[in-house]
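Could you slot chain P onto chain F? The hints should help.
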Amino acid sequence: MQLIPCPWCGPREEAEFHYGGQAHVAYPEDPSALTDEEWAQYVFFRENPSGPFAERWSHSAGCRRWFNAVRDTRTHDLLAVYRAGEPMPEVTS
Amino acid sequence: MTFRKPTGGEIDRHTLLRFTFNGVEYTGHPGDTLASALLANGVHEIGSSVKLGRPRGIVAAGSEDPTSLVQIEAPFPEPMLLATTVELYDGLVARGLAGQGRLAPEPDPARYDAKHEHCDVLVVGAGPAGLVAALTAARSGARVVLLDEQNQAGGALLGVDEYLDDRPSAEWVGDIVAELRTTPGVLVLERTTAFGMYQDGFVLALQKRTDHLGFAAPAGVARQRVWRIRTKQTVLATGAHERPVVFADNDRPGIMLASSARTFLHRYGVLPGSRAVVFTTNDSAYCAAIDLAESGVDIALIADARPDAPARLATECAARGIEVRAGQVVTGTEGPGRVTAVSIGDTRIECDTLLVSGGWNPVVSLFSQARGKLRYDTELGAFVPGEELDTVRAAGSATGELDLNACARQGREAGSAAAAAAGFTPGGQVPLPVSDSRCTSRSGLVVWRVPGADDASFVDLQRDSTVADVLRATGAGLRSLEHIKRYTTIGTAHDQGKTSGMIAAGIVAEALGVELAEQRPTTFRPPYTSVSFAALAGRDRGELHDPVRVTAIHPWHVANGALFEDVGQWKRPWYYPKPGEDLHTAVLRECRATRESVGMMDGSTLGKIDVQGRDAGRFLDMLYTNMMSTLKVGRIRYGVMCGVDGMVIDDGTVIRVGEERYLVTTTTGNAAKILDWMEEWLQTEWPHLDVHCASVTEHWATIPLVGPRSRDVLAAVAPDLDVSNEAFEFMTWHDTHVAGVPARVCRISFSGELAYEINVTAWYGLAVWEALMAAGEKYGITPYGTETMHVLRAEKGYPIIGQETDATVTPQDLGMSWAVSKKKPDFIGKRSFARVENNRTDRKQLVGLLPVDPTVLLPEGSQIVETDRLPEPPVRMLGHVTSSYPSAALGRTFALALVRSGHERIGETLYVPYEDSLVPVTVTDSVLYDKEGARRDG
Chain F
5 MQLIPCPWCG
15 PREEAEFHYG
25 GQAHVAYPED
35 PSALTDEEWA
45 QYVFFRENPS
55 GPFAERWSHS
65 AGCRRWFNAV
75 RDTRTHDLLA
85 VYRAGEPMPE
95 VTS
Chain P
10 MTFRKPTGGE
20 IDRHTLLRFT
30 FNGVEYTGHP
40 GDTLASALLA
50 NGVHEIGSSV
60 KLGRPRGIVA
70 AGSEDPTSLV
80 QIEAPFPEPM
90 LLATTVELYD
100 GLVARGLAGQ
110 GRLAPEPDPA
120 RYDAKHEHCD
130 VLVVGAGPAG
140 LVAALTAARS
150 GARVVLLDEQ
160 NQAGGALLGV
170 DEYLDDRPSA
180 EWVGDIVAEL
190 RTTPGVLVLE
200 RTTAFGMYQD
210 GFVLALQKRT
220 DHLGFAAPAG
230 VARQRVWRIR
240 TKQTVLATGA
250 HERPVVFADN
260 DRPGIMLASS
270 ARTFLHRYGV
280 LPGSRAVVFT
290 TNDSAYCAAI
300 DLAESGVDIA
310 LIADARPDAP
320 ARLATECAAR
330 GIEVRAGQVV
340 TGTEGPGRVT
350 AVSIGDTRIE
360 CDTLLVSGGW
370 NPVVSLFSQA
380 RGKLRYDTEL
390 GAFVPGEELD
400 TVRAAGSATG
410 ELDLNACARQ
420 GREAGSAAAA
430 AAGFTPGGQV
440 PLPVSDSRCT
450 SRSGLVVWRV
460 PGADDASFVD
470 LQRDSTVADV
480 LRATGAGLRS
490 LEHIKRYTTI
500 GTAHDQGKTS
510 GMIAAGIVAE
520 ALGVELAEQR
530 PTTFRPPYTS
540 VSFAALAGRD
550 RGELHDPVRV
560 TAIHPWHVAN
570 GALFEDVGQW
580 KRPWYYPKPG
590 EDLHTAVLRE
600 CRATRESVGM
610 MDGSTLGKID
620 VQGRDAGRFL
630 DMLYTNMMST
640 LKVGRIRYGV
650 MCGVDGMVID
660 DGTVIRVGEE
670 RYLVTTTTGN
680 AAKILDWMEE
690 WLQTEWPHLD
700 VHCASVTEHW
710 ATIPLVGPRS
720 RDVLAAVAPD
730 LDVSNEAFEF
740 MTWHDTHVAG
750 VPARVCRISF
760 SGELAYEINV
770 TAWYGLAVWE
780 ALMAAGEKYG
790 ITPYGTETMH
800 VLRAEKGYPI
810 IGQETDATVT
820 PQDLGMSWAV
830 SKKKPDFIGK
840 RSFARVENNR
850 TDRKQLVGLL
860 PVDPTVLLPE
870 GSQIVETDRL
880 PEPPVRMLGH
890 VTSSYPSAAL
900 GRTFALALVR
910 SGHERIGETL
920 YVPYEDSLVP
930 VTVTDSVLYD
940 KEGARRDG
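Sequence order for the protein chains is F and P.
First residue of the first sequence? That's 5 in my numbering, and the numbers climb one at a time after it.
First residue of the second sequence? That's 10 in my numbering, and the numbers climb one at a time after it.
The shape of chain F in the complex, shown without the other chains (with noise of 0.2 Å):
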């Protein structure tokens, strides 16, 4: 069982954590003027990376705050959490 470090609460078992997918996909401004194809992008597509990939976490059975984490998907380390709003902060993996 991984522990991820809340960047609110710090470490804790991963069963208390839900996943939300990749971190930085913004809602549309106006999503009214975006093409078919564009919003298809945006409710759709997610990238993939073999590697460091910023993600969504929410301690759902914390402090059900959402935040995000770096995450190396070919280790399943997390290389670095920060709390939502802030910039992603640069890793080395």
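For the record, the hints were derived by calculation from the structure and aren't laboratory data.
One thing to keep in mind: the hints can contain errors.
Unchecked claim - So the derived label-pair ranges between C-beta atoms look like this:
| no. | chain 1 | residue 1 | chain 2 | residue 2 | range |
| --- | --- | --- | --- | --- | --- |
| 1 | F | Trp-12 | P | Asn-414 | 31 to 41 Å |
| 2 | F | Asp-81 | P | Gly-486 | 31 to 41 Å |
| 3 | P | Asn-414 | F | Pro-9 | 34 to 44 Å |
| 4 | F | His-22 | P | Thr-864 | 44 to 54 Å |
| 5 | P | Arg-495 | F | Pro-9 | 30 to 40 Å |
| 6 | F | Asp-81 | P | Glu-913 | 49 to 59 Å |
Here the structure is a predicted model, which is why all the values come from computation and not from measurement.
Glycine included, each C-beta is placed from N, C-alpha and C at the ideal position.
For chain P alone, kept in the frame of chain F given last:
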């Protein structure tokens, strides 16, 4: 005849334990395992093999044994235990297995539990390396947990007769354990197997707490406990397993690993037989031979596969009259069951025991589970830890080291390094013991198999997999050990290949002509030894398996004979059968009473979310497809929520409680999901909005009062309330008193009838329910359950999210365009409604279906086709039946369905394959009852 020595071993000869095996009564002593007690009675045949039915015995003395599978019959039936790991107790009844056991049909009366433990240094294995590692770490002040599988510390020392620093090894072990037990912050657990190693220092271990007590196990103590250990640093001192050599007919009872025979001798005072042949590739079996000879076993011969026997050991053997032949291998065995003779080339030697040693396999399972890379050690012929990990270190024979002094040194280094890494400075140094053992040389000849009859040369005795099976796999072109493991099933039995895996790898490498160093070993996975599901479940079984949620009114439902339906974790009344009624007759009665007079249900499970804040209206406008900010205080609106893809995720009512306060309801099963959904958007997209959400589901008892006489019943219990249609309009709410209790009454309807929803603090729910029942008695008020609710709403074409919908259905598909705002600039899902895909005319849409024969009840989930005769497959499916009921109001059966271009097909006849025929159905509007809404106002 007894094979028990008059002295020696860790057993209590003064106490007799009676036990029964395969229907025969025997005796043993405290300290015995079932295996050692059977061997003491001369019993070698335990069971038979899983596929071929060949007799099988006892190969090893511990958890690595591949063959001694038994079923315990008393005190409680338990399958697939190893005789070598069952501690003997009085009254034990067991029998040998033919490879497979039988689970007990009755519930297990024992308790199981789990415990969390946190430590700085975890040491797995209490042999010489582990003991020194644990004490070294403990002396630094670190919190230490030491686990060991056996019932006492000592590890390999338990199976030998060695002196350490000129005193019996048990004394050295005892001193260390005593110091550990008196050191604060140190936990020593026996009978505890670390079976899984996971990320971030998480280790699962199984402690057998009362198994060894048998009938005397106290009822109040958990039989087994799963330890959930979180450690900063781990020292793996897991030891090594002796491995056999494969030859023809190597599976007979009486063929045993040499070191295991030595363990039976020294630990249990048991001789494996009267006359033994020893077959070895290395030095260690010589010690077994010499010890057994000194205990009176006739050692017929030592066949050493090496070209030269070790000179010093050979001299010692000669002094005891033991013949040693170098460069010789066992080529076959004979016997009706147990071995009676061994062939070494042309020589045939009669014996009742064959002891085998093919070298040592370090136990690297946990290291591998911790993602440590393994390296092939050519001298040892085994995989060993191939790197240092930041938090996991191996020590002792788990690294391939066999000399006791060197093992202890590794333990000290690992313990010290682990403590330092956890932030502790070294304490007093633990002195390293020196052993008098003769057999510590690592060097042996690596021999996997002796050529012979391939189909009688067993690699995995438990799986009945032979050399022939391995060669069949390589012959079929398989090269990867992972593939060959799956093809042959070698290493997949209860023992997880402890004795067979390495040999299989060696035989594969030989067959393929590759170096083992180039082969990737198979991945070790938890559990290291078998763990019962009962232990894993712990206390989370029966009523505690999953929380059960009941409403405040639940006792009334139980007392009045309701049958219940599980909705999420909730118990909801399904229907209330009267004597002699089944589901259909009860539901028809409940429906009729409600539509004709008045009915009542417990709606307390409905999800309720209190949404407050300056921007609450703006927020709800984004979440719902329709407009909520314009709702006036005192009024109620039905709303639909979609995902960004435009698909319906939930529906419910929104009531405006105040200028900055709304109460939102969700479907019972979606309450938590919708609260999560709200919080996600508030935190991640709109943190600037001043909105706060709280679940208030359990604060309220909610009672829909439904039917033309509901107004009369309400008036009787709510004297402060003007219940007239003019004063209390549809889709409004009033705060008042009901049965003397503060209540919020909403006029909403999920049935099309005049209806009120009475909300009171959950505390008063039962009293108000009873007051309503009493007030409604003269109208024949009828409690109804979820089934009647479903029928009533289906007659009106109201969808249930999750029954009519499946995440591919839009509000438009449900015929709910009226609930989708055209005015709002944006809301979640709006942009998707404009996508081409969402505007196809052949989308599946919600319609009603009336079977042409009004007595035919279509099964929910039935497919719908276009023609009255099925064409050649593939047959085009137009959709499926989502709900189907007999209706009291319609006097016939009906159904709701999602059908391609359904709205255009109204009036058409379609067909539903049902049993052997195609049932004709007429497509209708989804609203089948009171289409004009005449009943709403009573």
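Note to self: Within 34 to 44 Å: is that where the Cβ-Cβ distance between Asn-414/P and Pro-9/F falls?
What the structure shows: holds (42 Å)
task = Could you tell me whether the CB distance from His-22/F to Thr-864/P stays inside 44 to 54 Å?
result = Since His-22/F and Thr-864/P have Cβ atoms about 48 Å apart, the given range 44 to 54 Å holds.
Exercise. Could you see if the CB distance from Arg-495/P to Pro-9/F stays within 30 to 40 Å?
Key: Distance hint for Arg-495/P, Pro-9/F holds at roughly 38 Å.
Starting from the hint 49 to 59 Å, judge whether the C-beta atoms of Asp-81/F and Glu-913/P obey it.
-> holds (55 Å)
Practice problem: Mind checking the hinted window 31 to 41 Å against the Cβ distance between Trp-12/F and Asn-414/P? | Solution: violated (51 Å)
Quick one: are Asp-81/F and Gly-486/P within 31 to 41 Å, going by C-beta?
-> Holds, since Asp-81/F and Gly-486/P (Cβ atoms, about 36 Å apart) stay within the stated range.
Going through the hint list in order, the structure does not satisfy hint 1, though it satisfies all others.
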